[in-house]
Amino acid sequence: MVSEKRMLKADNIDAYYGNLQVLWKISVEIKVGEIVAIIGSNGSGKSTFLNVISGVIHPPRGSILFEGTDITSMDPFQIVGLGISQVPEGRRIFPDMTVFENLRIGSYSRRARSKREENFERVYRLFPVLKERRNQIAKTLSGGERQMMAIGSALMSDPKLLLLDEMSLGLSPLVVNELYRALKEIRSRGITIIFVEQNVRRTLTEAERVYILETGRVVLSGNAETLREEEKVKKAYFGTH
Amino acid sequence: MHEFIAGLGSPLIMGILLGGLYAVIALGLSLVFGVMRLINVAHGDLVIFGSYFAYLIVTLTGIDPVLSLVAGIPVLFLIGFAIQKFLMARAFKQSMEAPLIIAFGISLVLENAYQIIFSPMSRGISTSYSMKSFIFGGIYIPIVYVLNFIVALLVMVSLHAFLKRTYLGQAIIAASQDAVAAQLMGINTPRIFAFTFGIAGTTAAVAGVFLGLTFPFTPISGISFLIIAFGVVILGGLGSVLGTFIGGIILGLAQTLGAHFFGSAAQMLILDIMVLVILAVRPQGLFGR
Chain A
0 MVSEKRMLKA DNIDAYYGNL QVLWKISVEI KVGEIVAIIG SNGSGKSTFL NVISGVIHPP
60 RGSILFEGTD ITSMDPFQIV GLGISQVPEG RRIFPDMTVF ENLRIGSYSR RARSKREENF
120 ERVYRLFPVL KERRNQIAKT LSGGERQMMA IGSALMSDPK LLLLDEMSLG LSPLVVNELY
180 RALKEIRSRG ITIIFVEQNV RRTLTEAERV YILETGRVVL SGNAETLREE EKVKKAYFGT
240 H
Chain B
0 MHEFIAGLGS PLIMGILLGG LYAVIALGLS LVFGVMRLIN VAHGDLVIFG SYFAYLIVTL
60 TGIDPVLSLV AGIPVLFLIG FAIQKFLMAR AFKQSMEAPL IIAFGISLVL ENAYQIIFSP
120 MSRGISTSYS MKSFIFGGIY IPIVYVLNFI VALLVMVSLH AFLKRTYLGQ AIIAASQDAV
180 AAQLMGINTP RIFAFTFGIA GTTAAVAGVF LGLTFPFTPI SGISFLIIAF GVVILGGLGS
240 VLGTFIGGII LGLAQTLGAH FFGSAAQMLI LDIMVLVILA VRPQGLFGR
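From first to last, the protein sequence lines stand for chains A and B. Okay, so the first sequence: first residue is 0 according to numbering that gives the first Met the number 0, each after it adds one. Okay, so the second sequence: first residue is 0 according to numbering that gives the first Met the number 0, each after it adds one.
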């Protein structure tokens, strides 16, 4: 499933919020078909990194290549058009639109419009509850349903690379299982996934490769399986869980 | 008693019809505020631009002012689009207040331009029908008032359909609810904002023509209508085309009924009291979210 072809390469990214530097020399490489996790506690810069990839933040130093194209200073809408879609932190959705309208607006980019009906089918099959509630106003959905809809909207943009920011935050283990099941399904369609989490233990079982961020720097990276055994990780993180 | 009720007929009907015009005037203000959170204090002056533009074309060519919208709509769309793209977009990046100050500046420039070009003399757009009235159940109803209402309905229905059923319209709604999430859906939010301002301009063009047919206007009329538009938006709540329409009708009725019961001088007072009451009881407006 994982090819040797490179999908994304971030090289020495420095990023700022205003005058505050939050990322230092972040270098990450993702291959087509992989599922990679970026783990870190609050303030480690993981959301910032996703926002840099999505073009919401532009790094003053460093570069990002997607399928060979330099996307470092592109606008967010262009990056979506190329095939990168982010499910942002906090389950940001359009609260006063219906589920159907939320999903539909996901297919806004030109590339995604022609595949709209096809993707609607897929999303409804992946998350049947969304089909049931398609005429419901989004803000009345439960946390888990909202997260599913957020993922669904991102899928409507027909992405090659899906970014997920703290998908399981605040959700029950049952719902989280549902979501990871969906991620497996999404992967089986050939979509590459980067997901960002605080929950270390679960992440190490779901990802293939992992980068660990601490205060804006990559401190550890490697195979999830290998890291599971890593003494360092056990001590530092498993204790707090 | 019968006379009392019969006497109410005229202000009731006139208030509702007038409300339609007020709603169209307010629409552009509502749109820009709903999508970009900007109170465009130049909006009244843009509506008056529509009035002067139509006046000019009618005076020069003699065609019906409604036909002048063929030129008026694109011109005002471009003006609105340009204001957002070249002025406001930069101002938003500076600070929260900068766009408001720019809007104020635009208002001053426009009012002075009108004064220089057209002189402070009050103008009106007249046609063969602008002075005529229907008689309906013993009440005189100016044709223009009925026309205003019909146009208001058309504009509201079209705008609602556009927002609900087109990708562009849905993008505008999305951007108004969460601009960053909208970007992540692939929406070019800067262009959407410019487009929204352009649409506000087109509603100003339409409002301007019918305002010019209904009332006399001067270079500084923009402010009076801005205040009315503001009242409509507060009453009707944001993000609702229907709300703006109902808000307009309520304000129109408040004015005509206020004049009926308390005399002309009390019209604006009644209006303002209504606005205050709504703000106190339901600040998000009648239909706001």
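Hints listed in this document are in silico derivations from the structure and should not be mistaken for laboratory results. Heads up, some of the hints might be wrong.
[Said to hold, decoys possible] Calculated cross-link-like contacts (lysine-lysine; reagent style BS3-like; alpha-carbon spacing at most 25 Å):
no.: 1; chain 1: A; residue 1: K114; chain 2: B; residue 2: K163
no.: 2; chain 1: A; residue 1: K159; chain 2: A; residue 2: K138
no.: 3; chain 1: B; residue 1: K84; chain 2: A; residue 2: K130
no.: 4; chain 1: A; residue 1: K138; chain 2: B; residue 2: K131
no.: 5; chain 1: A; residue 1: K183; chain 2: A; residue 2: K159
no.: 6; chain 1: A; residue 1: K30; chain 2: A; residue 2: K183
The hints, checked one at a time:
1. A/K114 - B/K163: 20 Å, holds
2. A/K159 - A/K138: 28 Å, violated
3. B/K84 - A/K130: 39 Å, violated
4. A/K138 - B/K131: It is violated: about 51 Å lies between the C-alpha atoms, which goes past 25 Å.
5. A/K183 - A/K159: 15 Å, holds
6. A/K30 - A/K183: Since the Cα atoms of A/K30 and A/K183 sit roughly 17 Å apart, the hinted pair holds (cutoff 25 Å).
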